[in-house]
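Peer 1: These protein sequences, in sequence, are chains A, B and C. Everything in the first sequence is counted per the working numbering, starting at 1 for the first residue and increasing by one. Everything in the second sequence is counted per the working numbering, starting at 248 for the first residue and increasing by one. Everything in the third sequence is counted per the working numbering, starting at 495 for the first residue and increasing by one.
The hints are simulated quantities; they were obtained by calculation from the structure and are not laboratory data. Ideal Cβ placement from N, Cα and C applies to all residues, glycine included. Incorrect hints may appear among the rest.
[Said to hold, decoys possible] Here are the simulated distance ranges between beta carbons:
# : chain 1 : residue 1 : chain 2 : residue 2 : range
1 : C       : Pro607    : A       : Thr104    : 58 to 66 Å
2 : B       : Pro402    : A       : Gly240    : 38 to 46 Å
3 : B       : Arg405    : A       : Arg211    : 25 to 33 Å
4 : B       : Pro435    : C       : Ala537    : 21 to 29 Å
[Said to hold, decoys possible] Computed from the model, here is a short list of chain A residues facing chain C with C-beta under 8 Å:
# : residue
5 : Asp15
6 : Lys22
7 : Pro42
8 : Ala43
9 : Thr119
[As the list claims (entries may be wrong)] Chain A residues, not near chain B, derived (Cβ > 10 Å throughout):
#  : residue
10 : Pro30
11 : Val85
12 : Pro113
13 : Pro153
14 : Val190
15 : Arg191
16 : Gly212
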Amino acid sequence: MTRVITLLTDYGLRDSYVAEVKAVLLARAPGAVLVDVSHDVPAGDVRAGQYLLARAWHRFPTGTVHLAIVDPGVGTARRALAGAVAGHCFVGPDNGLLSALPDTARWIDLPVPADAAATFHGRDVFAPAAARLATGTALEDLGPPAEAVVRSPLPAPRWDGAAWIGEVVYVDRFGTLVTNLPGDAVEPGVRLVVGDREVGPLRRTFGDVDRGALVAFVGSGGTIEVAVRNGSAGRLLGAGVGTTVRA
Amino acid sequence: MTRVITLLTDYGLRDSYVAEVKAVLLARAPGAVLVDVSHDVPAGDVRAGQYLLARAWHRFPTGTVHLAIVDPGVGTARRALAGAVAGHCFVGPDNGLLSALPDTARWIDLPVPADAAATFHGRDVFAPAAARLATGTALEDLGPPAEAVVRSPLPAPRWDGAAWIGEVVYVDRFGTLVTNLPGDAVEPGVRLVVGDREVGPLRRTFGDVDRGALVAFVGSGGTIEVAVRNGSAGRLLGAGVGTTVRA
Amino acid sequence: MTRVITLLTDYGLRDSYVAEVKAVLLARAPGAVLVDVSHDVPAGDVRAGQYLLARAWHRFPTGTVHLAIVDPGVGTARRALAGAVAGHCFVGPDNGLLSALPDTARWIDLPVPADAAATFHGRDVFAPAAARLATGTALEDLGPPAEAVVRSPLPAPRWDGAAWIGEVVYVDRFGTLVTNLPGDAVEPGVRLVVGDREVGPLRRTFGDVDRGALVAFVGSGGTIEVAVRNGSAGRLLGAGVGTTVRA
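Given the sequences, and given the hints that come with them, work out the whole structure.
Peer 2: Structure below.
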């Protein structure tokens, strides 16, 4: 069976790092189908990596192995993990990157071979584990059960009695602000406030406003997003990850 | 049979959007071979997307499905299309992006499911259609014939009685100006004028001039290009898409 | 058998060039698995391309074909090469890009078809040759033996009687300085000097120093690297390719 392996890293595409990881995967799991989620996670930004993984993983076919490496603590005492849930497998550092997965996930501690490069566990620890999972090795055969895995989930919105209070959790390449306010929690006519700036009522899409205008809508990830048609909401509003949003 | 699906978008590689599209493709068309044409089309630049698709599609194997999404009108009344010509299939928005294909192409209107995200037809409308085409569904089974498809072809050069008048239609990452003047229409000794600047006679390649010098040649797409060896013709000449070129 | 073909170019990912090369590969070697090493080699930087290829090629499965195109002399009299060593095949220009391979490599001269675009041998000369190798054609069937292939290996370190003298050979996207000093040649307690700045003794990894601090370690390529945790050593030290390093 052909297994899909996805890759999510902050390695960038300029150097040979991603290729070295893929070489290990193809050498040890011939026939695996490799799919990049992104390699342009900002360096060391575990939270951005977590968000991207959370959006993407569940859309891949059952049986997919997800290799996620945003790992500022590589080579230190932080643990290496492999896990499984909902028919998908996951490999990555124990630093919160994998926190967005369901609580029912099972986790094991990956042993770190003595000859692994201390700065490149992606190639020498995580990729070999992903290749084993992709070729049918059972999760439990990769290491002992992991206790007390780091959980650092994205912030949840709260109801303050009058409104939902949330925040921006991601800014995409278009400058669109992705919030953690679920689209189905707010009334369609609600007026959104980002920082101290009121944005109009929810629309369906960019094209519903003029060029350069602010627009809020339920985004493709299911939460409210704020954009500027043909522009950047992040720049226009001076907002970014952590900016408060009320609805 | 393994089918190739190409992807051309302005989604960029930083976010999860391309991966979400690929997840849908692999979940619905297992075994499909996915090839990126580019995801760095300038945001909303339908014309640049059209140029890149025109250059690339016909070089892929017969049976390839081309998924092209530069879609500033996503979620509005603009139609969604699928088409076929010369043994290739195409899926994308009806905004001129697909205008470079032969006139003999057949087109159908893709229905938009009610639960499609209004800002992400790439994932929820176009990718499912591409997967169906890649797994052998006939074009006509995807929707009713489309009438009056938007045609917005790249500008054609004209002969003014003394010279060919064309324009720059694309600037590549090296700053090379790609014109719409066919290489076989002009005499080899012709002197090219870009804007009001005369460029020397046609050469074969960059290496035929000194570093930093301007050079014109018949480019790999069959039309005349103007470059600077180890530099940017766009910057040196202050020229870009739309700049007039005479030969 | 499914063969892997790797691609290393300075074409960038914005234009259609990489896709045109991949189209030729898939049309002529159906089923080949294409893996990008990098397409963001700085334009015309043969040395950077050589370094990246040297790091990556040997980790791919035996039988892999490596297509390497950083080719400022495209279309001039520089030769086109194909080669084989250690069960891997290589295709690229004869400009030193392939110098990092073992001396035992066999090389042949690739003929350049008359209709090849003078500025795009990647598509019209190198990709067809790579496809033939990937589908089982013997190297010797592609052209006559090549004499006096250009050798331009990366600089080697030397022992001056008191210390190893080397240099920075690559700077990665994190600003980490990769030197040519082999990790196993220096004593663990050695104090490294980059330019005229002393860096502390070798550590294991980034996480062994505070944020913003300089750190030297044996990198994942086996040579000494100098980094700044959460920063750029290149910027902090004003160092780059060619900067002298003593250990």
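Peer 1: For every hint, state whether the structure bears it out.
Peer 2: Results of checking the hints against the structure:
1. C:Pro607 <-> A:Thr104: 58 to 66 Å: holds (59 Å)
2. B:Pro402 <-> A:Gly240: 38 to 46 Å: Cβ of proline 402 of chain B to Cβ of glycine 240 of chain A: about 40 Å, so the range 38 to 46 Å holds.
3. B:Arg405 <-> A:Arg211: 25 to 33 Å: holds (32 Å)
4. B:Pro435 <-> C:Ala537: 21 to 29 Å: Since the Cβ atoms of proline 435 of chain B and alanine 537 of chain C sit about 28 Å apart, the hinted range of 21 to 29 Å holds.
5. Asp15: holds (5 Å)
6. Lys22: It holds, given that the least Cβ distance between lysine 22 of chain A and chain C is near 5 Å, below 8 Å.
7. Pro42: violated (11 Å)
8. Ala43: holds (6 Å)
9. Thr119: holds (5 Å)
10. Pro30: Non-interface label stands for proline 30 of chain A: nearest chain B Cβ at 15 Å, farther than 10 Å.
11. Val85: Valine 85 of chain A clear of chain B: closest Cβ-Cβ about 16 Å, beyond 10 Å.
12. Pro113: Holds: least Cβ distance 30 Å, greater than 10 Å.
13. Pro153: holds (17 Å)
14. Val190: Its Cβ never comes within 10 Å of chain B, the nearest being 17 Å, so this holds.
15. Arg191: Holds, because the least Cβ-Cβ distance between arginine 191 of chain A and chain B comes to about 20 Å, which exceeds 10 Å.
16. Gly212: Correct as stated: the minimum Cβ-Cβ distance to chain B is 13 Å, above 10 Å.
In this structure, the one hint that does not hold is number 7.
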